[in-house]
Structure formats: C-alpha cells, structure tokens
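Taken in order, the sequence shown gives residues 226 to 366; the numbers are from this note's numbering.
Among the hints, a few may not be true.
What the hints assert, rightly or not - The calculated lysine-lysine pairs, modelled on DSS-like cross-linking and capped at a C-alpha distance of 30 Å, are:
(1) 335 <-> 304
(2) 264 <-> 290
(3) 319 <-> 304
(4) 271 <-> 256
What the hints assert, rightly or not - Ranges of calculated distance between the beta carbons of each label pair, as one might list FRET restraints:
(5) 307 <-> 350: 33 to 41 Å
(6) 304 <-> 242: 31 to 39 Å
(7) 263 <-> 326: 41 to 49 Å
These are calculated hints, taken from the structure and not from any lab test. Predicted, not measured: the structure shown is a model, and the values here were computed from it. The beta carbon of each residue, even a glycine, is placed where N, CA and C say it ideally should be.
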Amino acid sequence: MFSISNVSKTKLDVPMDHISLISLPPIDENKWGAIEIAKGRAITRKLDTCATYAVACQEVANVNKVGFVNLYEAMLMQKNWESFLSDGLHFSRKGSEFLARILEELLMDKLGDLKWWFPDWKVINPNDPVEFINHYLQSQI
Numbered sequence: 226m227f228s229i230s231n232v233s234k235t236k237l238d239v240p241m242d243h244i245s246l247i248s249l250p251p252i253d254e255n256k257w258g259a260i261e262i263a264k265g266r267a268i269t270r271k272l273d274t275c276a277t278y279a280v281a282c283q284e285v286a287n288v289n290k291v292g293f294v295n296l297y298e299a300m301l302m303q304k305n306w307e308s309f310l311s312d313g314l315h316f317s318r319k320g321s322e323f324l325a326r327i328l329e330e331l332l333m334d335k336l337g338d339l340k341w342w343f344p345d346w347k348v349i350n351p352n353d354p355v356e357f358i359n360h361y362l363q364s365q366i
C-alpha cells in the first residue's frame with residue numbers, strides 16, 4: 226500500500242522536505258454539469274466536495290510533515306477561475322499555465338539547492354553530444 230512515509234524509505238531516498246501534496250482544483254459545476262446532463266449522466270462532482278478533498282489533503286500533508294499547495298483555494302482566488310478549466314473539470318491551457326507557475330515556484334523552493342547533473346541542453350554540442358557530456362561530467366569530478 227502506498228503511503229507518504231514509504232516514499233522516503235525507498236531506494237530513491239527522497240527526503241520528506243522534498244515531498245509536497247497538491248490539492249485537486251475546483252470544479253465548474255455549471256459547465257461540467259451541463260456536459261454530464263447532455264450525456265444522460267447524473268451530476269456526481271460538486272464544488273463543495275472539492276473543498277472537502279482539499280481540506281483532507283492538507284490534513285494528510287500536516288500529519289506527514291510534508292509541503293502542501295492548496296490549488297483549490299489558489300484557483301478560486303483568481304478572477305474568472307472558470308477559464309482555467311476547459312470543460313469544467315480538466316485544465317485549459319490557461320489553467321495548465323497557472324499550475325505550471327505554482328509548480329515552478331514549489332520546485333525552486335524545494336529543490337533549488339540540488340546540483341545540476343547535466344548542462345543546459347542549449348550549450349550541448351549537437352554534432353557530438355556524447356563527447357560534450359562526457360567532458361562535462363569529467364569536469365564535475
């Protein structure tokens with residue numbers, strides 16, 4: 226069974242301070258509900274249920290002493306947050322870009338101190354990438 230504490234005990238040796246949970250986003254009930262009704266299905270996803278899941282996710286993060294990003298609240302605080310969802314449930318391009326900005330900030334905060342193993346792809350010699358990378362790795366020893 227998966228548990229957060231087991232992640233830190235794997236061969237990957239992930240420190241707990243490098244783990245973060247991200248809540249689910251809100252749902253646009255009107256847009257998603259219309260799609261479900263058009264397909265003859267019951268509306269089973271609700272905005273208040275998303276809030277409940279976000280709270281539960283935060284509780285799990287707190288208990289396990291890992292980071293937490295409340296994507297649910299972060300999106301709701303944005304003007305026209307509904308535009309972040311293409312069909313009321315899945316991210317639109319705008320929503321994906323919003324999440325990417327949050328993840329970039331999170332990753333820099335959590336992992337910014339990690340050493341680069343390889344050079345930026347833009348500086349690699351495209352004519353001889355293997356030789357370039359081998360030389361780069363030797364210079365890092």
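### Task
Could you see if the CB distance from residue 307 to residue 350 stays within 33 to 41 Å?
Hint violated: Cβ distance 47 Å, outside 33 to 41 Å.
#### Entry: Proposed proximity, residue 304 with residue 319 (alpha carbon, max 30 Å)
Given that 30 Å is the threshold and the Cα spacing comes to 12 Å, the pair holds.
#### Entry: Given hint residue 256 paired with residue 271 - CA-CA distance at most 30 Å
holds (11 Å)
### Task
Starting from residue 335, check that the Cα of residue 304 is at most 30 Å away, please.
At roughly 28 Å apart (the allowed maximum being 30 Å), residue 304 and residue 335 satisfy the hint.
### Message
Within 41 to 49 Å: is that where the Cβ-Cβ distance between residue 263 and residue 326 falls?
### Response
violated (33 Å)
### Task
Evaluate the given range 31 to 39 Å for the C-beta pair formed by residue 304 and residue 242.
The hint (31 to 39 Å, Cβ to Cβ) holds, given that residue 304 and residue 242 are roughly 33 Å apart.
### Query
Do the alpha carbons of residue 264 and residue 290 lie within 30 Å of each other, as the hint requires?
violated (42 Å)
In this structure, the earlier hints numbered 2, 5 and 7 are contradicted, and the remaining ones agree with it.
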